[in-house]
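2 protein chains.
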Amino acid sequence: MAQEEVENGGAEKVAALKFTALKPQLMVEAPKAVDAVQFYKSAFGAFEVGRTVHPKRKAKQVLPHILSAQLELAGSTIIVSDIVENSAPMKTEGGGCVLCLETDDIEAVVAKAVSAGGVAKSEIAEDDGACYGGRVGKVKDPYGYVWLICWGFYITDTV
Amino acid sequence: MAQEEVENGGAEKVAALKFTALKPQLMVEAPKAVDAVQFYKSAFGAFEVGRTVHPKRKAKQVLPHILSAQLELAGSTIIVSDIVENSAPMKTEGGGCVLCLETDDIEAVVAKAVSAGGVAKSEIAEDDGACYGGRVGKVKDPYGYVWLICWGFYITDTV
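Top to bottom, those sequences are chains A and B. Take the first sequence: its position 156, counting from 1, is numbered 156 in the UniProt record's numbering, and each next residue is one higher. Take the second sequence: its position 126, counting from 1, is numbered 126 in the UniProt record's numbering, and each next residue is one higher.
One or more of the hints may lead you astray.
One copy or two, either will do: identical chains are not told apart, so a pair holds if it fits within one copy or between any two.
Below, a list of computed lysine-lysine pairs in the DSSO-like style, where the Cα atoms sit at most 30 Å apart [as the list claims (entries may be wrong)]:
1) Lys18 / Lys32
2) Lys56 / Lys112
3) Lys58 / Lys32
4) Lys112 / Lys58
5) Lys60 / Lys32
6) Lys56 / Lys32
7) Lys56 / Lys18
8) Lys60 / Lys18
9) Lys32 / Lys121
Just so you know, the hints here were simulated from the structure itself, not pulled from any lab data. If you're wondering where the values come from, they're calculated on a predicted model, not measured in any experiment.
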């Protein structure tokens, strides 16, 4: 792994855009969002600050679909949503988003996530290939998302 | 859209896990991460705080692959990475992650993103189906990721 100095020339040219937050929204096959929310609570201790649901449900539905459940985790907010009809155009076609969760107790976090139903995808490793170096454990949750439980900073601070 | 009170019983039972950060990592088909980083700077004014690259490159590669470029955006950090050999197992199989970017000037942000190369996927709408209500514009970036440029809070605060 090598470090490089970075240039932010492009950013300087952008007129000042004001943002209040960036929140990853995890789309989950309906009606599993309710289970996914519980998993993130049980596995990572996420705290749910609010939930909106569809006002209507079909006859065979036991629970209404979740439009958005907002969870606080590691100082950030994630949104968990059931995929509904108008979600389809939002599906990502890219390489896929992974969630890096930084902690200095990787073993404990991986163990907790696995006990909650996640699947460890590799041994905890010290390698250059994940996140940005350091130590990392990989856990796939029951809803298809990969979490990198990681620690270690090898980024340049010369910007 | 309906709001529901939420329970955090599951979270209370989790032993206190300590996290320092949650960072979405956007995996990009190599070697396009360098372009993706520039897009996020040009479109959203993201600020790059550090970059690590592979120390080796194949003969035909003009630029080294990016292991991780860390970008500050809206008070959060995102990581942009080229997909390399050992990235493959990390690919998400779920419904896909969308990025909600909150701003009170949706029109300006969408226009800027489109001028930088993004594609607006719908008119700016006031609907219940995206994020958690309010107003929203959808932009797909050239790397397959969907950004919801959104504003409006309709979540319950009774937790």
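Verification of the hints:
For the identical chains of this complex, Lys18 and Lys32 are inter-copy neighbours only, at 27 Å across copies versus 34 Å inside a copy, given an alpha-carbon limit of 30 Å. Within a single copy, Lys56 and Lys112 get their C-alpha atoms no closer than 35 Å, and across copies no closer than 36 Å, so neither meets the 30 Å cut-off. In this homomeric assembly, Lys58 and Lys32 come within 30 Å of each other (Cα to Cα) only inside a single copy, at 15 Å, whereas the closest approach across copies is 43 Å. For the identical chains of this complex, Lys112 and Lys58 are neighbours neither inside a copy (35 Å) nor across copies (40 Å), given an alpha-carbon limit of 30 Å.
Proximity of Lys60 to Lys32 under the C-alpha cut-off of 30 Å is restricted to the intra-copy arrangement: shortest distance 15 Å within a copy versus 45 Å between copies. Within a single copy, Lys56 and Lys32 get their C-alpha atoms as close as 17 Å, which meets the 30 Å cut-off; across copies the closest is 43 Å, which misses it. Taking the shortest alpha-carbon separations for Lys56 and Lys18, neither the intra-copy value of 35 Å nor the inter-copy value of 38 Å comes in at or below 30 Å. Taking the shortest alpha-carbon separations for Lys60 and Lys18, neither the intra-copy value of 44 Å nor the inter-copy value of 40 Å comes in at or below 30 Å.
For the homomeric pair Lys32 and Lys121, the shortest alpha-carbon distances inside one copy (22 Å) and between copies (26 Å) are both at most 30 Å.
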